[in-house]
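J.: Each chain, letter by letter, is given below.
2 protein chains.
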Amino acid sequence: MFTKIAASLGILLVLQTSSVQRVLTDPKFQAAEDFVAQDHDRFVREIIQITEIDAPPFKEARRAKAFMEMLRQSGLTNVEIDAEGNVIGTRKGSGTGPTIAIAAHLDTVFPEGTNVKVRREGTKLYAPGVGDDSRALAVLLEMIRAMDAAKIQTAGDILFIGNVGEEGPGDLRGMKYLFQKGPYKDKIKMFISLDPFGWGNDITVGGVGSKRFKVTFRGPGGHSFGSFGLVSPAYALGNAISKLSKIQVPQRPRTTYNVGVIGGGTSVNSIPFESWMEVDIRSETKEELNKVVETFTRMMHEAVDEENRARSTSQGRIEVDVKLIGDRPFGEVSQSSPIVQTASAVVRAFGLGPVYGMSSTDANIPMSMGIPAITLESGGTGSRNHTLDEWIDVEKTASVRGIQIALGTLLSLAGVI
Amino acid sequence: MFTKIAASLGILLVLQTSSVQRVLTDPKFQAAEDFVAQDHDRFVREIIQITEIDAPPFKEARRAKAFMEMLRQSGLTNVEIDAEGNVIGTRKGSGTGPTIAIAAHLDTVFPEGTNVKVRREGTKLYAPGVGDDSRALAVLLEMIRAMDAAKIQTAGDILFIGNVGEEGPGDLRGMKYLFQKGPYKDKIKMFISLDPFGWGNDITVGGVGSKRFKVTFRGPGGHSFGSFGLVSPAYALGNAISKLSKIQVPQRPRTTYNVGVIGGGTSVNSIPFESWMEVDIRSETKEELNKVVETFTRMMHEAVDEENRARSTSQGRIEVDVKLIGDRPFGEVSQSSPIVQTASAVVRAFGLGPVYGMSSTDANIPMSMGIPAITLESGGTGSRNHTLDEWIDVEKTASVRGIQIALGTLLSLAGVI
Chain Y
1 MFTKIAASLG
11 ILLVLQTSSV
21 QRVLTDPKFQ
31 AAEDFVAQDH
41 DRFVREIIQI
51 TEIDAPPFKE
61 ARRAKAFMEM
71 LRQSGLTNVE
81 IDAEGNVIGT
91 RKGSGTGPTI
101 AIAAHLDTVF
111 PEGTNVKVRR
121 EGTKLYAPGV
131 GDDSRALAVL
141 LEMIRAMDAA
151 KIQTAGDILF
161 IGNVGEEGPG
171 DLRGMKYLFQ
181 KGPYKDKIKM
191 FISLDPFGWG
201 NDITVGGVGS
211 KRFKVTFRGP
221 GGHSFGSFGL
231 VSPAYALGNA
241 ISKLSKIQVP
251 QRPRTTYNVG
261 VIGGGTSVNS
271 IPFESWMEVD
281 IRSETKEELN
291 KVVETFTRMM
301 HEAVDEENRA
311 RSTSQGRIEV
321 DVKLIGDRPF
331 GEVSQSSPIV
341 QTASAVVRAF
351 GLGPVYGMSS
361 TDANIPMSMG
371 IPAITLESGG
381 TGSRNHTLDE
391 WIDVEKTASV
401 RGIQIALGTL
411 LSLAGVI
Chain R
1001 MFTKIAASLG
1011 ILLVLQTSSV
1021 QRVLTDPKFQ
1031 AAEDFVAQDH
1041 DRFVREIIQI
1051 TEIDAPPFKE
1061 ARRAKAFMEM
1071 LRQSGLTNVE
1081 IDAEGNVIGT
1091 RKGSGTGPTI
1101 AIAAHLDTVF
1111 PEGTNVKVRR
1121 EGTKLYAPGV
1131 GDDSRALAVL
1141 LEMIRAMDAA
1151 KIQTAGDILF
1161 IGNVGEEGPG
1171 DLRGMKYLFQ
1181 KGPYKDKIKM
1191 FISLDPFGWG
1201 NDITVGGVGS
1211 KRFKVTFRGP
1221 GGHSFGSFGL
1231 VSPAYALGNA
1241 ISKLSKIQVP
1251 QRPRTTYNVG
1261 VIGGGTSVNS
1271 IPFESWMEVD
1281 IRSETKEELN
1291 KVVETFTRMM
1301 HEAVDEENRA
1311 RSTSQGRIEV
1321 DVKLIGDRPF
1331 GEVSQSSPIV
1341 QTASAVVRAF
1351 GLGPVYGMSS
1361 TDANIPMSMG
1371 IPAITLESGG
1381 TGSRNHTLDE
1391 WIDVEKTASV
1401 RGIQIALGTL
1411 LSLAGVI
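Residue numbers (my numbering), protein chains in the order written: chain Y, 1 to 417; chain R, 1001 to 1417.
Source of the hints: derived by calculation from the structure; they are not laboratory data. We put the CB at the ideal spot given by N, CA and C, even for glycine. Check before you lean on any hint, since a few could be wrong.
What the hints assert, rightly or not - Rough simulated footprint, nothing fancy, chain R against chain Y, three-plus residues with beta-carbon under 8 Å:
hint	segment
1	107-113
2	154-161
3	167-176
Unchecked claim - Over 12 Å on every C-beta distance to chain R, these chain Y residues come out as not near it, computed from the model:
hint	residue
4	F2
5	I53
6	S74
7	R119
8	G122
9	P233
10	V259
11	N269
12	E307
13	D389
Pulled out of the complex, with its shape left as it was, chain Y reads as follows:
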């Protein structure tokens, strides 16, 4: 999710505008644009093909393998799955420009067993994960085909990446490995994440920070009838959720919290010995994030104390473990930086107004390390991502334009020979 921020004024760099104009008016780029429009049906088929291979967090392997085959068939070199599970292939440049990576994430938020069959109604495709981020994976393939069809050679190498670990418990593990450990560490000079669907004029220039927790309440347990009156971790959890739901957060800087997954207990007729929840807290500023984390942590302990006072602790007390399971760094890239100015100029060239904003995406990692990075939309429209009702519209005008904007940005940054 993207939240708008104010644009800094008067920092449009002429340099970027002219290099963008050079690329966009190049007959080769126009040939690539035409190819994207003609090839649209195939692109849609590939979205469906990718979506229908499920890819829960930490279980992206099947989709990764399929995507690796697709990248290989598209003619990239060095197509491999790295040690973390990211699929990476290279489209070699002439060696005279910076290496740029462009990525879409393989994983979805949905657990194993979710029905990922795509239902099509007119130009709308319905399926969990179809827009977040299957469409973007298909955009990568389309870009490669368009560049090949138009015989475009770039100055810098381009890495096309289908990465793991963007969603849920993945905690950006794909990006952390790519930028901090793997063979491409220190080699990537600019980064674009495509995530999720959307017209193509939203440019993420700041990475929202988040902290994620698994909160586990533990107690002595017991027989539901025989031990009635003993403290219960389920009641501590219920009370904790109820408290959490009342936290007031500011709209600006946008700050949010969520109880995602809950669990615990062994049977209906046993007092649980463990009840737990996973909590996501995000903010556009470190200060607000820390404030909410502090309030949340205090509430968890209050809930424990209240339960230990409300019922008998004769067989043991309730205790709580608040464990940090995810920590996405804050990050930003200056609006005046070449990567943002380039993307903005491309968006304008397509008749749209660039909108700057913040979100929490794979780009958080390079941003936090000072590597120029942005997140762009993958084109088209859609809604309800992270729900079973997720859908995208592949109506051709907005769908094709989004791909063209992303391709124009990528080529303007890589430099066309």
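Here the structure of chain Y is known, so what remains is to put chain R in place on it, guided by the hints.
T.: Structure of chain R alone, referenced to chain Y:
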């Protein structure tokens, strides 16, 4: 769990006392008693053997198969697993007495994957399910061996049963099938359940009624950051649990409630579209049970209304489904009935005082149908059943005495030729 009730006065029937005395003073019974004492080490080994085959609700098949083999090796006839999963074997009588069934339940409250390895410290055995109800299954085997060793023939047939579905979601399915559908329907004239461990002087003469519910809150779901501010089933559930935990119930008639298992949600960074809990409500009287069920049901709907008022319903409202998943009938057997008086006389003959009480066991079903039925303890001592810390003490005096009391009661009811 067993709660004491007052004994009716002056109803000791001379008839039962004399028939009990006749059995207990029979040299054959004394030979059986001696056998039980001598064979105790083997009995303990069998408790361990049974405990270490896990038997979650609806997954009793492995333990059932092993128990069937054990019953077959003990020489019973017609040893079979019925269509519901109960293991049943017959020890034929002379045909001049009523058919009696004695049962212990195969299932435990623990889910698949629970470590059921028994840890022994002195005379204590620690393991989930060791006393509830593995010990009682081993008692059945021990009784058969003792009767054979002492060459005891009974007037009535005795059915030895290891049954399914006593715990958790099983909802007494084993007993419901046995008494209402299966081949022994209408044939069993008296019933004894052994459940769980304990000295042997607690006699269950009333079946506590219970109702069990699965409560599912559903909502539109969404992205944790992008859709922040939408209603969440997790908050409705937390609030519902918090309300439920404050219900005041009477101590007499004993009335209880419990939140057992909870679940729902797809990922930490998604607002769940579904959050649920399983709730157990019990009482010694129908009136109190219905009162708590009514309060509970009202609270579930209040929690929904409050959540729909607290946050945005622009993408959909929270709704709740309160589904009855278990309904154990009330039942009782008169303290003046021959079955209760016989058990009482046996308990007294062993120097203990019978204590009458209510609990929720397999005997609820025959009791609710007017078939004379009691639940007895299987001997020994123990604690913490329904927790991972469950243990029993197989110290010989109390362990052997419990088996002897159960055997004495069974034989006094069946009649020794």
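J.: All hints are to be evaluated individually against the structure, with a verdict given for each.
T.: Okay, the hints, checked on the actual structure:
1. 107-113: Our answer is that it holds, as 3 residues pass the Cβ test (under 8 Å) against chain R, meeting three.
2. 154-161: Coverage by chain R is violated for the segment 154-161 of chain Y (0 residues, Cβ < 8 Å).
3. 167-176: holds (count 3)
4. F2: Per Cβ check, F2(Y) is inside 12 Å of chain R; nearest 8 Å; violated.
5. I53: holds, 18 Å
6. S74: holds, 30 Å
7. R119: Non-interface label on R119(Y) holds, nearest chain R Cβ at 17 Å vs cutoff 12 Å.
8. G122: Per Cβ check, G122(Y) is outside 12 Å of chain R; nearest 22 Å; holds.
9. P233: violated, 9 Å
10. V259: violated, 4 Å
11. N269: violated, 5 Å
12. E307: Non-interface label fails for E307(Y): nearest chain R Cβ at 8 Å, not farther than 12 Å.
13. D389: violated, 8 Å
Violated hints, listed in ascending order, are 2, 4, 9, 10, 11, 12, 13; each of the other numbered hints is respected by the structure.
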